[in-house]
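Residue numbers (the numbering used here), protein chains in the order written: chain A, 48 to 596; chain B, 2 to 272; chain C, 157 to 596.
A portion of the hints provided could be inaccurate.
[As the list claims (entries may be wrong)] Calculated pairs, DSSO-like style, for lysine-lysine (alpha carbon to alpha carbon, straight line, at most 30 Å):
1) B:180 with A:373
2) B:43 with C:323
3) A:373 with C:402
4) A:221 with A:354
5) B:261 with C:187
6) A:454 with A:221
7) A:446 with A:459
8) A:242 with C:187
9) C:517 with B:43
10) A:301 with A:454
11) C:527 with A:373
12) C:517 with A:242
13) A:242 with C:161
14) A:221 with A:324
15) A:562 with C:325
16) C:323 with A:562
17) C:219 with A:242
18) C:588 with C:517
19) A:562 with A:446
20) A:221 with C:161
21) A:354 with A:446
22) A:242 with A:446
23) B:180 with B:235
24) A:373 with A:354
25) A:221 with C:377
26) B:180 with A:354
27) A:354 with A:324
28) C:517 with A:562
29) B:235 with A:373
30) A:301 with A:354
31) C:219 with C:187
32) A:301 with A:416
33) C:219 with C:517
34) B:261 with C:219
35) C:377 with B:180
[As the list claims (entries may be wrong)] Per the computed footprint, the stretches of chain C lying under chain A, defined by three or more beta-carbons under 8 Å from a beta-carbon of chain A, are:
36) 283–289
37) 292–302
38) 439–453
39) 463–471
40) 483–492
Bear in mind the hints are in silico, worked out from the structure with no lab data behind them.
We put the beta carbon where it would ideally sit given N, CA and C, even for glycine.
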Amino acid sequence: MGSELKIINGRVYDPINDIDGEIRDVCIRDGKIVESVADDAKVIDAAGKVVMPGGVDMHCHIAGHKVNLARKFQPEDHRHDVQPRVGALRSGTGGTVPSTFTTGYRYATLGYTTAMEAAVPPMGARHTLEELHDTPVVDKGFYLLLANNVCLNQLLEQGRHAEFRDAVAWWLNKSKAYAIKLVNPGGDEPWKGRKNSNVHDLDQPISGFDLTPRKIIKALIDVSNDLGLPHPAHIHCNNLGHSGNYATTLETMKTADGRRAHITHIQFHSYGGEVGKNPTSAARQIVDYINEHPNISADVGQVMFGKATIMTADAPLTWLLRNMSKDKWINADTECESGCGIIPFSYQEHVYTHAIQWAIGLELFLLSKDPWRMVLSTDHPNGGSFENYPRLIRLLMDKPFRDEQAKRANPKAIANTSLLDIDREFTMREIVIVTRAGPARLLGLENKGHLGVGADADITIYDEMEDKEAMFNAARYVIKGGELFIDNHEFRFDHEGSVYHVSPSYNPEIERVLKPFFEDYYSVQFENYPVSDHYIARGVTVPTGQSQP
Amino acid sequence: MRLTLHAVPEVPLEAEAICPDMLMGLSADKAAELPVFHGNEKARLGDFFSVQGEARDGTVTVEGDLSKVKLIGNGMSTGRLRIEGDVGAHLGAEMRGGEIVVTGNAGDWVGREMSGGRITIRGDAGHMVGCAVRGVPVGMLGGEIIVHGNAGNEVGHGMRRGLIAIGGDSGDFTGVSMKAGTVVVMGRLGMRPGAGMVRGTLISTQPAELLPTFNYDTTYRPPIIRTILIYLRKLGFTVEDLYLNGPYQRWSGDSIELNKGEILLYAGTRQ
Amino acid sequence: MSEAKTIHNAVCTFCGCVCDDIELVVAPEGKSITRAGNACELGRAWFLEHRIEDYPVALVDGKEAGLEEAVDAAARILVEARFPAVYGLSDTTCEAQKEAVAIADFVNGNIDTTTSVCHGPSGMAFQGTGESTASLGEIKNRADFILYWGGNPVEAHPRHFERYSAKAKAAYLPGGRADRTIAMVDVRKTRSASEADIFLQVRPGSDFEVLWALRALVRGKYVDDSIEARTGISLETLQDLVERMKNCQFGVIFFGMGLSMTRGRHFNVSALLALATDLNAFTHFVANPVRGHGNVTGADNVVSWQTGYPFGVNFNRGYPRFNPGEFTTVDVLARGDADALLVIASDPAANFPRRAIEHLKTIPVITLDPKPTRTSQLARVAFTVAAYGINVPGTVYRMDNVALPLRPAFDSPYPCDEEILRAIKERVCELKGIGRREVA
C-alpha cells in the first residue's frame with residue numbers, strides 16, 4: 048500500500064503548469080503527484096505558506112575524486128561547521144565541501160531535491176557513484192568529461208565520425224553518466240605534455256593533434272544532439288577567468304550553429320578588458336547573444352562573498368590562481384581523460400576582481416529576458432557554497448538589499464557594471480523557474496521541476512516571509528518521492544535518492560577500436576573499466592530520444 | 002573556587018567547563034552541574050570534581066591528576082586558573098586573556114591557536130606548544146607561553162605574534178613556518194629549527210645545527226635579548242648573567258621563504 | 157568432478173599496486189587457486205597460499221560461538237564502551253569500510269585506519285601543502301623523469317616498474333626504460349637503487365635537509381655548502397638533479413615510508429610535495445605516495461567522504477573531529493584512552509609500540525580476520541571472515557585513487573567483513589534504540 052498525502056491551503060507556484068501563486072491543493076500517492084487522494088490521506092495544512100517543486104541544482108561539485116580530495120584537503124574548513132548525528136541520520140561536517148551525508152541533508156534543508164555533479168572523468172565514475180550512494184535525499188547524476196579524451200581526439204582528428212559517436216555512447220553507458228561535459232576543450236594536452244602551457248584560442252591547434260578546440264566543441268555538441276541526450280553538451284568554455292574571454296564564449300556559442308548547447312557558469316566567461324589586466328563586464332554582450340539564440344542555455348555560476356573552494360578540471364586556471372595566492376594547491380591528472388586543480392579561495396568585497404565577478408553574475412540574471420535559459424548556480428563550491436542560494440535569491444528579488452550589498456563592494460568594480468541601474472526584481476514565479484522548472488527542463492527531466500499530475504512528488508513548502516533569504520534558508524516541509532523528509536523543520540525519514548543516467552545505443556564493434564587503445568594508454572584493464580549496475584542502488588535510465596535538430 | 006578531582010576519569014574527560022569565563026559568578030552547586038564529556042558520555046563536572054567556594058574574582062584552582070582532562074581553559078578570556086598537578090591536552094586552546102599556571106606537566110597542544118593571556122607550565126609541555134591545527138598555516142596569534150621544563154616538537158608552528166619561552170630543551174621543528182613572534186629556548190633546540198620561517202625570532206643559549214637554507218650574518222650583542230631574558234627571570238626562569246649581554250650569532254632564513262626570519266644563538270664562553 | 161575455472165582480469169590486493177590483469181586458475185574442487193598468471197612473486201603467494209582452513213566462524217571469550225551470539229557480544233562491547241575505537245580497514249572492501257564508519261558514528265567512537273601508521277604523515281602534509289599528482293597511467297604515458305624517494309619498489313611493489321613507471325612502454329614513450337631517466341634517493345643501496353641511472357645515498361635522518369636544499373635550488377635561493385657534510389650529497393650533485401628535474405617534460409617523485417615514517421615525518425613529505433609543486437613553474441611535475449596495503453587508499457577515501465577527514469576521526473561528541481596524534485589509534489592506545497577496540501583486517505598486537513599493546517591487552521577487543529592473528533588471540537570476540545579479492549567481491553582503490561572492482565575466485569564458507577559489520581551495526585542500533593527510519 049502506498050502512502051497518500053494532501054497539501055492544502057498553500058500558495059502554489061508551478062510555472063510549467065502556469066500556476067502562479069494560486070491557493071490550491073496538491074495530492075500525492077506512491078511518490079507521484081495525482082489528481083486526488085482518499086479522504087483519510089495525511090494532510091499538511093500549508094496556509095500562509097508557499098508550495099513549489101523541489102529545487103534542482105544542475106551544476107555543482109558534490110561527489111567523486113576531486114571533491115574528495117578537496118574535502119580531505121581542508122580540515123580547517125570542516126571543524127567549525129559540524130553536522131551532529133540525529134538518530135539514524137548520519138553525522139558529518141560542513142564547510143564549502145561537506146561530507147556526503149551532510150551534503151544531502153543540507154540540500155534538502157534548503158528545499159533542493161535534485162543535484163547534478165558536473166564534472167567526472169570516466170575513470171572516476173565508479174568512485175563518484177560510491178559517493179553519490181552516500182549522498183542521501185537528493186536525486187542525482189553526473190556529467191562525463193569528454194573534451195580532453197585522448198582516444199576520442201584521435202578518432203576525431205582521423206575523421207572517424209561514426210566511431211567517434213559510438214565511442215561517446217559507449218563511454219556514457221559504461222560510466223552511467225547523464226550528460227556530456229566539456230571543460231577547457233583541448234587544454235589538457237598542452238598542460239600535461241607541454242610543460243604546463245594551455246590553449247587560448249578556439250582555432251589554435253592542440254599540440255600533439257591535428258585538432259582545434261573548436262573541432263572538439265562542435266563534435267561533442269553534435270553528438271549530444273545526434274544521440275538525443277536529454278541534456279545537451281554542457282560546456283565550460285576555454286579561457287575561464289581571463290579578461291576579455293567573452294569573445295571566446297561568443298565563439299563557442301556560435302560554434303553550436305543553431306544546435307542546442309548549454310554554457311555553464313557563464314559568469315566566469317563574461318569578462319571584457321585585456322588579458323592580464325582587470326576585467327570589465329561583458330554581461331550585456333553575452334546576454335544579448337543568448338536572448339536572441341534559443342538554442343543556447345546557461346547557468347550563471349554566481350560568485351558569493353566569503354569562503355569558496357575552487358575545484359575544476361581546468362587545471363591551468365588553478366595554477367594561475369595559486370601563483371597569486373601562494374596558498375596550498377592540488378593538481379591531479381587522470382590518464383587520457385582529464386586534469387584537475389583545487390585551491391581554497393575567498394571572495395572579498397573590497398577586491399576589484401571579486402566584486403566585479405559578483406556584479407557580472409547578477410547582471411546576467413537581471414538582463415536575461417528568458418529565465419528558463421539563464422538559471423541559478425554558484426558552481427558550488429567554486430563561486431561559493433550552495434548554502435548561499437537563499438541569499439542569492441534575495442539579491443534577485445530585493446533591489447534595495449541588492450544595492451545595499453553593492454555599496455559594500457569595491458566601488459570601482461560596481462561602477463564598471465550596470466548593476467545599480469537595473470531595477471528589475473525577480474518575481475516568485477521567476478525564482479521558481481531559475482531554481483526548479485528551468486533546470487529541470489534544461490536537463491530533460493520531465494517529471495521534475497513541476498507539480499502536474501504524474502510528476503515526482505518532490506515538493507518544498509516554505510513559510511511566506513518578507514525576507515526572502517530567511518524564507519529560503521529552511522523549508523518547513525520537504526517531500527522527497529512522496530515521503531516527508533523534513534516535517535515541520537525536523538528530519539523524519541532518511542531517503543537514498545535515485546541516480547539518473549542515460550544509455551544511448553551504440554555499435555558494439557566499437558570495442559574492437561577501444562580495447563587496443565586501452566592496452567596502449569591506460570593502466571587499468573579494459574574489462575575492469577566499465578561500471579556495473581552494482582554501483583547504482585536506485586537508478587533511473589532516462590530515455591535518449593530522437594536526434595535533436 | 003577550588004575543584005578537587007575525586008573520581009579519576011577512565012577515558013579522556015573533555016572539560017571546557019573548567020574555565021573562569023564559565024565558572025565566574027556560579028555557586029559551587031551550579032558549577033558542579035556544568036556539562037563535561039567523559040568519552041562519549043555526557044556527565045557533570047561534579048561527577049569528577051568536588052567544588053568548593055566561588056570564583057568571584059575569577060580565580061579557580063584545580064587539583065589532582067588531570068592528565069586525562071582535556072580542553073581546560075578553552076577559549077579563556079579572563080581570570081586566573083591554577084592547576085596543581087599534571088594536565089591533559091589542549092590546555093588554554095584558543096585562549097584570549099587571563100592567566101593559567103600549571104605546577105606539573107602539560108599534554109600536547111598547550112595554547113593551540115592562542116591569541117592572548119599567559120600560560121605558565123612549571124614542568125614539561127608536550128608537542129605543538131602554541132601551534133596551528135592541521136591544514137591551517139597560522140598558529141599562535143598573541144600572548145605568552147612559559148614552559149619551565151622541556152617541550153616537544155613543533156613549538157610555535159605557524160606562530161604570528163607573541164612569546165614562547167622554554168626553560169629546558171625543545172623538540173624538532175621549533176618555530177617551523179613562523180610568520181613572526183619570538184621563541185626563546187634556554188636549552189637545546191631540536192632538529193631543523195625555524196624550517197620555513199618567514200619572519201620572527203628564534204633564540205637559544207645553546208649551539209644548534211641549522212638547515213642549509215640559513216645563512217650566517219654576524220655575531221653581535223643584541224640589546225633585545227637582555228630585555229627578554231630579564232623579563233623571563235622575573236617570571237621565574239633561571240638565567241645566567243653571561244647570556245644577558247651576548248655575544249650571539251645571527252643567522253637569517255629561511256631562504257626558501259622571505260629570508261627575513263632570524264635565529265640567534267649564544268656564541269660566548271660558557272662557565 | 158568439475159572443470160578448473162579461470163578468472164580473467166582478477167584484481168590483486170596484496171599491495172597498493174592493485175594489478176588488475178591477473179589470470180587465476182581455480183582448482184577443480186573450488187577451494188584453492190592453482191595459478192596466478194601475471195602476478196608477481198608476492199601476488200602469487202597471496203593467491204596460491206590461500207586456503208579455506210577449519211577455524212570456527214566466531215570465538216567469544218575463546219569459546220566457539222554462533223554468529224548471532226558473537227555479533228551480539230561485539231555490539232554490546234561497543235555500546236557499553238565510553239571510548240570505543242575502530243581500527244584497521246586497509247585490507248578489506250570499501251563496502252565493509254562504510255559499515256565500519258557507520259558503527260563508529262552510531263557508537264560515538266573513534267575511527268582510524270592503518271594509514272595513521274604508514275602514510276598518515278603524508279595525509280597531514282597534503283593538508284598543509286597540497287600536492288600535484290597523477291593517475292599511474294599518466295605517469296606510464298608521459299613521465300620521462302622518475303625519482304623514487306625512500307622506497308624499494310623492486311622488492312616491495314615488484315610490478316610497479318613494469319606496469320606504471322620505469323620500464324613501462326607507452327604510447328608517448330615507446331622506448332620504455334630507454335626514454336626515461338630514473339633517479340633513486342635512499343639511505344642504502346637497495347635492489348631498486350641498482351636499477352637507477354642516478355643514485356643518491358643520503359645519510360640516515362637527512363632526507364629533510366636534502367629536500368629542503370633541492371627546494372631552495374629550484375627557487376634559486378641560498379644553500380649553504382655544509383649540506384654535503386650534513387647529508388653526504390654535494391651541492392653540485394643536487395644542482396645537477398635540479399637541472400634534470402626542471403628540464404624534463406613530465407616529472408614524478410614516488411615516495412615511500414622511508415620518507416613518511418622516519419624522523420621529520422609529515423615535514424619530510426611536506427617538503428617533497430612542495431618541491432614537486434615548485435617544479436611546476438618549469439615543467440609538469442607530480443608526486444605520488446607508494447602505498448602498501450591493497451585498499452588503504454579506499455579507507456582514506458571512504459572515511460573522508462563520510463566524515464570530511466581521512467583518518468584519526470573521533471565521534472565522541474556526536475560529530476566527526478580530526479586530530480592526528482590525538483585520535484590516531486597508536487596514540488589512543490598508548491595514552492590508555494580507548495576502552496574497547498574493534499579491529500578489522502589488521503594486527504596491532506603484532507606491530508604497535510609496546511605501550512599501546514599493553515593497553516590493548518587490558519580492554520575488550522573484537523577482531524575480524526581471515527586467519528588467527530596475535531590480536532585475535534587476545535580478543536574477546538574473534539570472527540573468521542572470507543578473504544577480500546579471493547572470496548569476496550567489492551571495491552578497492554589503487555594507490556593513485558583509481559577504484560577497481562574485485563573478481564573473487566571461489567566462495568568461502570565464512571561471511572565477509574561487510575556482512576558481519578552490518579550485523580554489528582544493526583545490533584548496535586537496536587541496543588541504542590536508533591530507529592532505522594529509511595524509506596527506501
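Evaluated hints:
1. With a CA separation close to 14 Å, the supplied pair residue 180 of chain B and residue 373 of chain A stays within the 30 Å bound.
2. In summary, the hint linking residue 43 of chain B to residue 323 of chain C is not supported, as the alpha carbons are separated by about 58 Å, beyond the 30 Å threshold.
3. Our distance criterion of 30 Å between C-alpha atoms is met by residue 373 of chain A and residue 402 of chain C, whose separation comes to about 20 Å.
4. Our distance criterion of 30 Å between C-alpha atoms is broken by residue 221 of chain A and residue 354 of chain A, whose separation comes to about 36 Å.
5. For a cut-off of 30 Å, the pair hint linking residue 261 of chain B to residue 187 of chain C is broken: about 67 Å separates their Cα positions.
6. For the proposed pair residue 454 of chain A and residue 221 of chain A, the alpha carbon gap of about 51 Å is over 30 Å, so the pair is violated.
7. Taking the CA atoms of residue 446 of chain A and residue 459 of chain A, the gap is about 20 Å. The hint holds against a cut of 30 Å.
8. Distance check on the hinted pair: residue 242 of chain A and residue 187 of chain C sit about 52 Å apart at the alpha-carbon level, beyond 30 Å; violated.
9. Taking the CA atoms of residue 517 of chain C and residue 43 of chain B, the gap is near 27 Å; set against the 30 Å cutoff, the hint holds.
10. As the CA atoms of residue 301 of chain A and residue 454 of chain A are separated by approximately 36 Å, the hinted pair breaks the 30 Å bound.
11. Restraint check: the Cα-Cα separation between residue 527 of chain C and residue 373 of chain A comes to about 49 Å, which exceeds 30 Å; the hinted pair is violated.
12. Restraint check for residue 517 of chain C and residue 242 of chain A: the C-alpha separation of about 55 Å exceeds 30 Å, so the hint is violated.
13. In summary, the hint linking residue 242 of chain A to residue 161 of chain C is not supported, as the alpha carbons are separated by about 48 Å, beyond the 30 Å threshold.
14. A C-alpha spacing of about 44 Å is found between residue 221 of chain A and residue 324 of chain A, which places the hinted pair above 30 Å, so the restraint is violated.
15. Taking the CA atoms of residue 562 of chain A and residue 325 of chain C, the gap is about 17 Å. The hint holds against a cut of 30 Å.
16. Between residue 323 of chain C and residue 562 of chain A the alpha-carbon distance is near 22 Å, which keeps this suggested pair within the 30 Å criterion.
17. Under the criterion of a C-alpha separation no larger than 30 Å, the hint pairing residue 219 of chain C with residue 242 of chain A is inconsistent with the structure, at around 64 Å.
18. A distance of roughly 27 Å separates the Cα atoms of residue 588 of chain C and residue 517 of chain C; the hinted pair therefore holds under the 30 Å criterion.
19. Between the alpha carbons of residue 562 of chain A and residue 446 of chain A the distance comes to roughly 58 Å, so the proposed pair goes past 30 Å and is violated.
20. With a C-alpha separation of about 26 Å, the suggested pairing of residue 221 of chain A with residue 161 of chain C holds against the 30 Å cut-off.
21. Taking the CA atoms of residue 354 of chain A and residue 446 of chain A, the gap is near 24 Å; set against the 30 Å cutoff, the hint holds.
22. The straight-line distance between the Cα atoms of residue 242 of chain A and residue 446 of chain A is roughly 48 Å, outside the 30 Å bound, and the hint therefore fails.
23. For a cut-off of 30 Å, the pair hint linking residue 180 of chain B to residue 235 of chain B stands: about 27 Å separates their Cα positions.
24. A hinted pair counts as satisfied when its Cα atoms are at most 30 Å apart, and residue 373 of chain A with residue 354 of chain A qualifies at roughly 17 Å.
25. Pair hint residue 221 of chain A plus residue 377 of chain C does not hold up; C-alpha atoms about 50 Å apart against a cutoff of 30 Å.
26. A threshold of 30 Å between alpha carbons decides the hint, and for residue 180 of chain B with residue 354 of chain A the separation of about 23 Å falls inside it, so the pair holds.
27. Of the supplied pair hints, the one linking residue 354 of chain A and residue 324 of chain A holds, its CA atoms being roughly 24 Å apart against a limit of 30 Å.
28. Between residue 517 of chain C and residue 562 of chain A, the direct Cα distance comes to roughly 53 Å. Violation of the 30 Å bound is thereby established for this hinted pair.
29. About 41 Å separates the Cα atoms of residue 235 of chain B and residue 373 of chain A, which puts this hinted pair outside 30 Å; it is violated.
30. Among the hinted pairs, residue 301 of chain A with residue 354 of chain A is inconsistent with the structure: their alpha-carbon atoms are about 35 Å apart, more than 30 Å.
31. Taking the CA atoms of residue 219 of chain C and residue 187 of chain C, the gap is near 26 Å; set against the 30 Å cutoff, the hint holds.
32. Taken as a hint, the residue 301 of chain A and residue 416 of chain A pair is honoured in the structure, with Cα atoms around 19 Å apart against an allowance of 30 Å.
33. With a CA separation close to 18 Å, the supplied pair residue 219 of chain C and residue 517 of chain C stays within the 30 Å bound.
34. For the given pair, residue 261 of chain B sits about 67 Å from residue 219 of chain C by alpha-carbon distance, which is inconsistent with the 30 Å threshold.
35. The straight-line distance between the Cα atoms of residue 377 of chain C and residue 180 of chain B is roughly 19 Å, inside the 30 Å bound, and the hint therefore holds.
36. Counting residues of the stretch 283–289 of chain C whose CB falls under 8 Å from any CB of chain A gives 7; the rule of at least 3 is met.
37. Beta-carbon proximity to chain A at under 8 Å applies to 6 residues in the stretch 292–302 of chain C; the threshold of 3 is reached and the given coverage holds.
38. Counting residues of the stretch 439–453 of chain C whose beta carbon lies closer than 8 Å to any beta carbon of chain A gives 3, which meets the minimum of three for the stated coverage.
39. A count of 5 residues in the stretch 463–471 of chain C with a Cβ less than 8 Å from any Cβ of chain A is obtained; the coverage claim is therefore met, three being the minimum.
40. With a cut-off of 8 Å between beta carbons, the stretch 483–492 of chain C has 0 residues touching chain A; three or more are needed, and the interface restraint is violated.
Hints 2, 4, 5, 6, 8, 10, 11, 12, 13, 14, 17, 19, 22, 25, 28, 29, 30, 34, 40 from the earlier list are contradicted by this structure; the remaining hints agree with it.
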